[in-house]
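Trainee: The lines below spell out each chain.
There are 2 protein chains.
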Amino acid sequence: MPRSRGNALIGQSGGPTAVINQSLVGIVETLLDSDRVRTIYGAVHGIQGVLGGHLIDLSREKAKTLEAVARTPSSALRSVRKKPTPEECRKILDELERLDVHWFFYIGGNDSAETARLIESMAQEDGYELFVFHVPKTIDNDLRVTDHCPGYPSAAKFVAQAMMGDNLDNRSLPGIKIDVIMGRHAGWLTAASALARRFEDDGPHLIYVPERTFDLARFAADVDRVVKQHGRCVVAVSEGIHGPDGKTLVEAKERDSHGNVQLSGSGALGDLLAAEIKTRLGAKRVRADTFGYLQRSYVGVTSEVDAKEARAVGRFAAKMALKGKLDSASVVIVREKGKKGRYASSCDLTAIANVAKDTRPLEPRFLKGDHDVTPAFLDYVRPLVGDLPEVARLSDFAPKRKKTKPATR
Amino acid sequence: MPRSRGNALIGQSGGPTAVINQSLVGIVETLLDSDRVRTIYGAVHGIQGVLGGHLIDLSREKAKTLEAVARTPSSALRSVRKKPTPEECRKILDELERLDVHWFFYIGGNDSAETARLIESMAQEDGYELFVFHVPKTIDNDLRVTDHCPGYPSAAKFVAQAMMGDNLDNRSLPGIKIDVIMGRHAGWLTAASALARRFEDDGPHLIYVPERTFDLARFAADVDRVVKQHGRCVVAVSEGIHGPDGKTLVEAKERDSHGNVQLSGSGALGDLLAAEIKTRLGAKRVRADTFGYLQRSYVGVTSEVDAKEARAVGRFAAKMALKGKLDSASVVIVREKGKKGRYASSCDLTAIANVAKDTRPLEPRFLKGDHDVTPAFLDYVRPLVGDLPEVARLSDFAPKRKKTKPATR
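Residue numbers (this note's numbering), protein chains in the order written: chain A, 12 to 420; chain B, 12 to 420.
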């Protein structure tokens, strides 16, 4: 039986994406259409806002503002990286009960799904009617069950365009270039750099992801081989690459409350790899860039498919929550066969436990050897990212010899 | 007297830009319209291609290809960072004479202008008729005489959009964020990050440029003050910032043949500043990103004004070279008053010596204190960059108290 009346609360959690507000607005607009939901609370900084009493009223927001917010990257409700203790879960649930909240939407990745699951199970123990919906987002694309995650296609587009430019730059001024791309446990985003290739000798020439064990000596040998072939080398490497012991190359000191090591917001890995290449190969022009936070927050580069799907998962979550067929669920995207073989997708539900905690690595069928992706991966990612800008080369026509005068000196 | 007949040669030099090929195509299409120019040589990797005999024939290129190349970032002729020795200048001039080249176009920054000037003066000594034209480009915007440099507006647009996103990201997950922006001697590009501000508390909150002496203790105090005010801090810093001794913060080991220290392609400065802030302020969440080569080569973010002007300077150089009123010159952009106060510009010429070697720092009227820019700078840069994407915030309406039930626990 669907609940007749009550309030709703929405939070955003974890790393922002370019389209996370599409999902927020998708939920809000769908709830606004129902006369059963009175107040739509927004939790500022996710569960931190619930704990600290920092809530806003989203029901009063104008449609025009909501639309503009939907097109704006990065969590409009502001975000949080926080794994609640059992005591905090208790407090959060108390607050939800006090506010008469019966629909709780948490937009986030696998850590946020785990938080939603904890609150869900405590509400069940309490016998408090609470529909908990996890709405997926992550540029890492590492949630289980779903075909892909909202936020990933836009980040993949940013990375592809960055790599297209960087390959052109490297062709112009040859050398060895290492680009560090986000991806703690999974190489989905790094793999998307392969979309940058247009010509046979285009980079990225080497792609290293956390799904494969990384070895510095083998890496140097790979780079050396590419340089001998092309006179230059562009490398895409996930921030999460690690040796056989599972330890990341840069052991940062800082861990967040989910136990994650800080990998982003530092140039350390890129600089380490560049130094190794300089030492091992004696190469002169070695550069490293870390694409950093731009990958998830850059304004002005959004995948159209991503924006639409992020809105759709928000709408679907709210619609299903109002139907009340399931107490709680996470939304997943299902890839469909569209007309004339075109890309299409639909939404479905799965239990939150199915997406919480653990992540999904790149599938073996998407990986070619230990430093490239397969055509199957490109087929997977291309429709999500959409059209990329065209780039062209000169034909490099040889001059006709006869037109030159004989040398006079 | 304009020269009646001969061949032309074009080279691209120094760091690429997003629109450097617009200038190349502007020259080529203008020369193709003249029946006085027989072959248009392209020097692959600039003067390196002349020295090594790596030339291509641009006259045979299809218009459609040229147009596609014009829209492609990064030097299509490929580039070089090379200061020729007198012996090499001699060789280059010999080769130009052998090829019957009487029009030499060099697209580049101040270092490339110096190379053009050296070849020009040697041709004069030789009594060899050579029209040498320097066609400006540099994302650093640090050429003298010209109002601004082709390439700068597009890089400024990339930086502005990056900073807009990064500010949103930092608002979502507060902390201290340091963004390192290209600019060895001049802070023009770093200053453009100020375009990202929309709301009063938006970053960048602090902007440090090489025109002002940088002091770590003062920097830490500035950050501390901003964090106390806004609970967060976004910093834009030029890679070329330096202490009172003129030494850059990171003394890299590598110098190019113009005597420049390697500042780009490394996360060292950002990591150094982040570590200092962590130590001095005891701050926890401190992150640094180095925008890196994406600033000059990113595909898909180009200023329309920049693309048009880069094409125009190429056309103007070729037109003036064919007129032959001056032996040699560099093209400059003059800012005009357009209709209804709108932005407009035209091209003019100056002696190459006026733009060679030395660079132009940010003018004092554009700098506010030691860590911000003035409204006059924003008026200067805004029309060059053009419209930026809109971003919006939620209104943060307070919930109505009466709708909540009294606490039951």
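Don't take each hint at face value.
Said to hold, decoys possible - Calculated lysine-lysine pairs in the DSSO-like style (CA-CA distance at most 30 Å, straight line): (1) B:K319 - B:K350; (2) B:K93 - A:K258; (3) B:K102 - A:K411; (4) B:K102 - A:K239; (5) B:K258 - A:K289; (6) A:K368 - B:K258; (7) B:K289 - A:K93; (8) B:K330 - A:K411; (9) B:K93 - A:K289.
Stated by the list, open to error - Restraint ranges, calculated between C-beta atoms of paired labels, are given here: (10) B:D398 - A:K411: 42 to 48 Å; (11) A:D390 - B:A74: 33 to 39 Å; (12) B:G397 - A:A228: 27 to 33 Å; (13) B:E211 - A:P255: 50 to 56 Å; (14) A:P394 - B:Y139: 37 to 43 Å.
Keep in mind that the hints were calculated from the coordinates and are not lab data.
The model shown is predicted, which means the values in this text are computed figures rather than measured ones.
Glycine included, C-beta positions come from ideal geometry on N, C-alpha and C.
Trainee: Indicate, hint by hint, whether the structure satisfies it.
Mentor: Going through the hints against the structure:
Distance hint between B:K319 and B:K350 is fulfilled; the C-alpha atoms sit about 18 Å from each other, no more than 30 Å. With a C-alpha separation of about 42 Å, the suggested pair B:K93 and A:K258 falls outside the 30 Å cut-off, and the hint is violated. Under the criterion of a C-alpha separation no larger than 30 Å, the hint pairing B:K102 with A:K411 is consistent with the structure, at around 21 Å. A C-alpha spacing of about 29 Å is found between B:K102 and A:K239, which places the hinted pair at or below 30 Å, so the restraint holds.
For the proposed pair B:K258 and A:K289, the alpha carbon gap of about 24 Å is at most 30 Å, so the pair holds. Our distance criterion of 30 Å between C-alpha atoms is broken by A:K368 and B:K258, whose separation comes to about 48 Å. At roughly 21 Å between alpha-carbon atoms, B:K289 and A:K93 fall within 30 Å of each other, so this suggested pair holds. Between B:K330 and A:K411, the direct Cα distance comes to roughly 25 Å. Compliance with the 30 Å bound is thereby established for this hinted pair.
Annotation: proposed proximity of B:K93 to A:K289 holds, straight-line Cα distance about 21 Å (limit 30 Å). One distance hint, 42 to 48 Å for the beta-carbon pair B:D398 and A:K411, holds here, with the actual separation near 46 Å. The beta-carbon spacing between A:D390 and B:A74, approximately 34 Å, falls within the hinted interval of 33 to 39 Å. Restraint check, B:G397 to A:A228: a C-beta distance of roughly 48 Å breaks the suggested window 27 to 33 Å.
For B:E211 paired with A:P255, a C-beta distance near 52 Å keeps the hint of 50 to 56 Å intact. In this structure the hint that A:P394 and B:Y139 lie 37 to 43 Å apart at CB is violated, the actual value being about 58 Å.
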